[in-house]
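Line by line, the protein sequences give chains R and B.
For the first sequence, the residue numbers in my numbering are 1 to 332.
For the second sequence, the residue numbers in my numbering are 1 to 124.
The set of hints was computed from the structure by calculation and includes no laboratory data.
All of these numbers come straight from a predicted model, not from anything done at the bench.
Each hint should be verified, as a subset may be incorrect.
As the list claims (entries may be wrong) - Derived BS3-like pairs: lysine-lysine, alpha-carbon spacing no greater than 30 Å straight-line:
| # | chain 1 | residue 1 | chain 2 | residue 2 |
| --- | --- | --- | --- | --- |
| 1 | R | Lys-213 | B | Lys-72 |
| 2 | R | Lys-309 | B | Lys-95 |
| 3 | B | Lys-8 | R | Lys-213 |
| 4 | B | Lys-95 | R | Lys-322 |
| 5 | R | Lys-245 | B | Lys-88 |
| 6 | B | Lys-72 | B | Lys-95 |
| 7 | R | Lys-322 | B | Lys-99 |
| 8 | R | Lys-58 | R | Lys-213 |
Claimed, not checked - Just so you have them, the derived chain R footprint on chain B, three or more residues with Cβ under 8 Å:
| # | region |
| --- | --- |
| 9 | 44-51 |
| 10 | 81-93 |
| 11 | 105-111 |
| 12 | 114-123 |
To be verified - Each pair of labels, with its calculated beta carbon distance range:
| # | chain 1 | residue 1 | chain 2 | residue 2 | range |
| --- | --- | --- | --- | --- | --- |
| 13 | B | Pro-86 | R | Asp-315 | 40 to 46 Å |
| 14 | B | Lys-95 | R | Glu-242 | 23 to 29 Å |
| 15 | R | Thr-206 | B | Gly-9 | 40 to 46 Å |
| 16 | B | His-82 | R | Phe-330 | 36 to 42 Å |
| 17 | B | Glu-74 | R | Lys-93 | 47 to 53 Å |
Positions of the beta carbon are idealized from the N, C-alpha and C atoms, including for glycine.
For reference, the chains in residue letters:
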Amino acid sequence: MGKKKTISIVSVAAVIFCVMLIFYSAFLAKETGVEFFAMDTYIKVSAVGTDSAAACEKIQTLVNSLDTEMLSRQNENSEISVLNSNGGIMSEKMQEYILAMLGIYEKSNGAFDFALGSVSDLWGFGNNPHLPANSKIKSALEKSGADKLSISGNKISTNGAVIDFGASGKGIALDEIKELLGSMKIKNAVVSVGGSVLLYGKKNFTVGIRNPKGGSGSYIMTVSTPAACVSTSGSYEQYFEENGKNYHHILNPETGYPVDNGLVSVTVISDNGLASDALSTACFVLGIEDGMKLAEEYGCEIVFVDSRKKVTASDGIKDSLKITDSNYSFAE
Amino acid sequence: MDKKLFRKGDIVVIGTALLVAAAIFLLRFVGNEKKLVAEIRVDGEVIETIDLSAIAEAVVISPETEPKVTIKAENGAIYFEHADCPDKLCISSGKLTRKGDTAVCLPAKTVITVLGADVDAVTY
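Okay, chain R solo, but in the shape it has when bound (with noise of 0.2 Å):
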């Protein structure tokens, strides 16, 4: 009699098993995926959880808003371009942001430096690249860079120089929609703003590092990683040829012209999107040692692929990285 009542609960317990299972895979497993073109680029977006579809849209509404009302150079009535043009009173948003890119352009010796837009302008990327006169380069620069820019409390001053959201803004979306992702019922995500990588959620996400002589879904590495974001500065993104020679978008400071130090891409791994990001473009600039050093300062990983198919990683993501094309190895 007591072995029966046994096999009854055994027999029970399977079945809510199973229907459990059941009830996982329909309803709390929900995958929603969403792809949209903004900030230039293009933004796909998987998530899992009861709330799915409604972070898919609300991510859209989010990026497209702080696309077109604040981050914009394009639109002319951006908070952005309004500063730009005539200085004024910062947002609470926009002075954290750059407040923070200031920040990383100081611990960086100007390596990143977000106030290069109207040199950045006179190459066209994106709609008519060409080398520009020297000269307009020069007189350019003499306009630019962050050390113009007057800062008190939430008021800016551009003094000429020209903001610009081109190696902080992608980042800057993935913290937005990381804290949006944080008010919702949402077991994970991944989303992907023009290459830069949220990963959000309980669970361990492979990445793969693009390979730089594919297309963008191509790669060469993968990396194992909890949450985090993952942001990659690569000269193969955006180039032109000209008299027989590349030029790329990723502009070294100084001069004004792209940087020419053997590195094809910089991967940061960072807690923060806007960190990943402008460490990315930064560590680029400064290449391998010093890249290096920044990237610690500001606890992040860091990896690096030269010209010679080098990788080159950090200590503490070297044993998560896997070289998955034979080409490349890592350096000695």
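Add chain B to chain R, keeping to what the hints say.
Below, chain B without anything else, positioned relative to chain R:
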């Protein structure tokens, strides 16, 4: 005293429940491993899904976009063949042949993806 651990009825109940759950779970999470399927999306809308493993003759697809793009699908590969955009980054992405491979034409808001990636995301 009944010495059997499970009675016939229990085995039927447990077996059926496990089968149903496993089938639903598998249907949801496991795709066809060998198939190479590409999706073309314009402004987020899927306009074409192509089984690249099943193509015998090359197919040219010209979605209605501005600027114009031409996409070629052949056995085991798909790529932007032509684009009127200024930077032609989509063409330099080359042939997409592996799961997860993606090429994007930003001005034409057109994305080609080979479905079924091995990684959660690719940073670039």
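Evaluated hints:
As the CA atoms of Lys-213 (chain R) and Lys-72 (chain B) are separated by approximately 20 Å, the hinted pair is consistent with the 30 Å bound. Straight-line distance between C-alpha atoms of Lys-309 (chain R) and Lys-95 (chain B) comes to about 21 Å, which keeps the hinted pair within the 30 Å bound. A distance of roughly 61 Å separates the Cα atoms of Lys-8 (chain B) and Lys-213 (chain R); the hinted pair therefore is violated under the 30 Å criterion. Of the supplied pair hints, the one linking Lys-95 (chain B) and Lys-322 (chain R) holds, its CA atoms being roughly 24 Å apart against a limit of 30 Å.
Between Lys-245 (chain R) and Lys-88 (chain B) the alpha-carbon distance is near 17 Å, which keeps this suggested pair within the 30 Å criterion. Distance restraint check for Lys-72 (chain B) and Lys-95 (chain B): the Cα-Cα separation of roughly 9 Å lies within the 30 Å cut-off, and the hinted pair is therefore satisfied. For the hint pairing Lys-322 (chain R) with Lys-99 (chain B), the CA-to-CA distance comes to about 18 Å; that is within 30 Å, so the pair holds. Our distance criterion of 30 Å between C-alpha atoms is broken by Lys-58 (chain R) and Lys-213 (chain R), whose separation comes to about 35 Å.
Here the region 44-51 of chain B counts 1 residues with a CB under 8 Å from a CB of chain R, which misses the bar of 3, and the coverage is violated. For the region 81-93 of chain B, the stated coverage by chain R holds: 4 residues have a C-beta nearer than 8 Å to a C-beta of that chain, and at least 3 were required. Counting residues of the region 105-111 of chain B whose CB lies closer than 8 Å to any CB of chain R gives 3, which reaches the minimum of 3, so the coverage claim holds. Residue count for the region 114-123 of chain B with a Cβ under 8 Å from a Cβ of chain R: 8. That meets the three needed, and the coverage hint holds.
Checked against the given bound of 40 to 46 Å, the beta carbons of Pro-86 (chain B) and Asp-315 (chain R), roughly 42 Å apart, stay inside it. Take Lys-95 (chain B) and Glu-242 (chain R): their Cβ atoms lie about 26 Å apart, and the range 23 to 29 Å holds. Taken as a hint, the range 40 to 46 Å holds for the pair Thr-206 (chain R) and Gly-9 (chain B), whose Cβ atoms sit roughly 45 Å apart. Restraint check, His-82 (chain B) to Phe-330 (chain R): a C-beta distance of roughly 39 Å satisfies the suggested window 36 to 42 Å.
Between Glu-74 (chain B) and Lys-93 (chain R) the Cβ separation comes to about 48 Å, which falls inside the hinted range of 47 to 53 Å.
When the structure is compared with the earlier hints, violations turn up for hints 3, 8, 9 and for no others.
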